[in-house]
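J.: Below are the chains, spelled out letter by letter.
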Amino acid sequence: MRFDFTTEEKEFKNQLSSFLDEALPEDWHGPADESRDDHWALNQQIKRGLAERGWLVMSWPKEYGGADSSPMMNTIFAEQMAYRRAPGHDRFGTRMFGPTLMRFGTEEQRKKYLGSIARGEIQWCQGYSEPNSGSDLASLQTRAIDKGDYFEVTGAKIWTSLAHRADMMFMLVRTDLDATPHKGISLLMVDMKAPGVEVNPIINMAGVHSFNQVVFDQVKVPKENLIGDMNDGWRAGMTVLNFERSGIDYAAWARAALEELIDYVKSEDSEVNSLKSDPTVGRKLAELQVEVEAARLMCYDVSYRQGKGEIPSSEASMSKVVATETYIKVLDYGLELLGMYGVLEPGSNQAELQGRFFKLRMFYTSGPILAGTNEIQKNIIAQRGLGLPRK
Amino acid sequence: MDFGLTETQELIRSSAREFLEQNSSPEVVRVIASGDDEAISTLWKSVVDLGWSSLTVSEEHSGAGLTFSDLAVLLEELGAHLAPTPLVESSISVWIIERYGSDSLKSELLPQISSGEILVTPAIVERDASWDPESTRVAATQSDSSLIVSGEKRFVAFGERATHALTLVRIYDQPALAVIPIWQAENVEKTPLDHASGVPVCSLSFNEFEVGQSNVLATGNTAIEAAKELIAVGSVARSAQLAGLGRAVVNATVDYTANREQFGRAVGSFQAIQHHLAEMAIASKQVNHLVHVAARSFSRDGYSIEAAARAKIAASDKISQVCWTAHQCHGAIGFTWEHNLHLYTRRALAWKTDYGDSAFHQSILAEALGL
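Those protein sequence lines, which keep their order, are chains A and B.
So in this note's numbering, spot 277 of the first sequence is number 277, and the numbers just go up one at a time.
When you read off a place in the second sequence, starting at 1, and then add 391, the result is the number in this note's numbering.
Worth flagging that the hints you see were computed from the coordinates, not collected in a lab.
Since we're looking at a predicted model, the values are computed, not measured.
Simulated restraints, written as ranges between beta carbons of each label pair:
#1 A:Lys308 - B:Arg656: 37 to 43 Å
#2 B:Val645 - A:Lys391: 24 to 30 Å
#3 B:Ala663 - A:Asn231: 28 to 34 Å
#4 A:Glu271 - B:Ala759: 24 to 30 Å
Each residue gets a CB set at the ideal place from its N, CA and C atoms; glycine is no exception.
From just these sequences and the hints, can you work out the full model?
T.: Spelled out as structure tokens, the structure:
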């Protein structure tokens with residue numbers, strides 16, 4: 001990318017866009033609520049369609065079901081999916097766990113799991129945070145005891161997105177109580193149907209069941225499900241976070257929401273019809289468009305660097321901060337423009353834009369919090385990126 | 392300049408806190424937000440019994456005759472406890488009836504409001520969601536002794552429970568402010584809205600609704616002035632609630648971050664979190680001061696539209712931001728439905744836009760500055 005997409009990248013974007021035109025229901029505004037059976041079915045259907053076309057894991061090597069493409073193709077994929085608020089993109093398997101397995105897994109593990117991720121066959125979830133271990137992840141307490149033939153896992157994970165739909169979880173567990181916190185952690189794969197695994201729903205402030213608490217009571221996990229070396233899980237686990245920390249979804253959601261607002265202001269049907277004549281509205285929307293475009297470019301930069309073999313952790317953190325905050329700015333302005341209508345809950349009589357902006361604003365309050373709070377990201381930027389002293 | 396409370400105000404504050412701790416707990420707030428009608432009645436009845444509905448009603452009409460400043464102290468506590476009662480709606484209607492009503496209308500309505508026999512709520516906004524009284528479209532025609540009203544008012548708080556709506560209409564080209572009896576009335580359709588304020592809000596659709604001429608409070612320019620004052624007094628009342636809400640959110644966030652440990656220490660010991668909380672505390676104090684200056688400006692002789700605008704601009708923008716920063720400081724737990732923080736955030740967002748958002752009040756202030 002020399003500040004523009006290649007012909008191949010542009011073509012792919014168009015193909016994906018046409019596929020989504022067909023695959024998404026008419027008048028689809030999303031986002032999908034995966035706790036709803038109809039939305040989950042749509043998720044699975046679209047995921048299969050994407051897998052058939054080889055689009056889920058394009059940047060993976062051919063031998064694992066990929067196309068040896070650049071990370072930029074994945075970013076274009078993620079961006080387009082988010083822009084359409086389309087379900088079917090299994091971020092946990094394709095974006096986080098797969099690449100980690102490629103790097104840290106045995107040949108046998110790679111053969112067994114990577115193909116099924118590429119084919120979109122199993123849903124993964126991520127077991128990291130615990131009730132008392134959020135930002136301070138290394139303090140995690142869920143234990144895996146070596147029982148000779150197997151591990152016995154006991155403890156609880158929390159804020160686990162999609163645990164209620166997942167087949168498998170990759171999770172960080174403590175395997176050595178005596179070692180310093182970072183050194184006694186291992187990375188395990190656990191079957192969500194195993195006896196002793198209990199998934200308890202947590203409803204978020206938008207009123208949606210999006211995440212869960214997952215309790216493990218003496219769950220037997222086969223030895224072969226250990227990834228990397230025993231007590232060396234922190235390194236592998238953090239690699240996942242490096243893959244996770246891209247803001248591209250947020251940048252795309254922000255762009256979609258901004259365009260929706262611009263259309264709304266132009267529309268003849270909007271109830272709030274004073275908007276067109278107010279010059280400050282146009283200026284503010286223009287200001288937001290600058291932010292949205294800048295956020296998008298920050299995210300492209302991350303995948304450009306990944307494509308060159310770098311691990312751009314500071315840039316990834318920057319993109320996460322910028323994109324999550326930009327999305328919120330757009331949603332906040334949406335509520336402001338909608339005025340009295342902005343505070344009607346989804347499904348209310350007389351709601352404008354189906355009350356979507358209010359719900360999205362509630363939902364994406366989590367953006368600057370999850371996957372490493374923006375405060376933690378800023379520490380990374382200052383310390384790893386700018387080389388400032390840690391203390 | 393005295394930043395302290397009067398003896399009466401101290402008394403109001405402490406008794407309000409005691410009552411609201413008990414009667415406006417998060418459980419009550421949640422039950423009412425989910426539509427429990429009986430819980431609203433129970434709370435409102437207790438509020439009336441405490442004499443809060445008659446606080447600013449003049450003594451000659453069976454009220455306590457207290458000032459708007461005194462009321463603001465009470466409303467701050469109501470905001471801090473998210474109390475789901477129509478006290479703001481009732482008190483600001485009282486204010487306007489006192490200021491603009493004829494003697495006969497005052498003698499008829501005010502004692503009944505004081506005693507809780509009737510409940511008056513403002514109905515100003517229409518489809519275009521504008522708080523500008525000039526944009527009123529709901530029309531009335533005049534016959535001998537009555538008005539015939541047709542059209543829709545939106546976002547009427549407690550509209551399904553109120554006995555009367557303080558409504559701005561147009562009689563041909565003339566604006567008029569009238570107290571319209573809507574309780575169990577025919578020819579008024581009520582459409583419930585699912586509103587972030589956590590109290591019942593509805594639209595009122597009048598279809599050739601007949602109102603006695605004696606219910607008209609003001610007409611012509613006076614009606615516009617009265618409507619402007621209603622919006623100003625409403626905006627200061629909402630700002631007072633927001634001030635209390637902001638204070639409560641700052642306190643709750645201090646508590647949480649002082650106790651939640653990560654990395655072997657309280658998260659509140661990290662500079663990033665301390666700076667968030669310092670900003671929240673500054674904002675909350677700024678709003679508090681602006682609100683009390685604005686409330687002080689309201690008297691039986693007039694008010695400062697600039698002070699009211701300043702209070703609402705600051706309260707709208709700063710307190711909603713206080714809530715969002717509180718979410719950031721709470722992390723994932725504050726993002727759950729089970730945690731009470733979102734109850735505050737929803738209220739702050741609803742009150743932010745109610746009685747004019749900051750853009751609306753900025754225009755008023757700019758005009759007052761001669762711009």
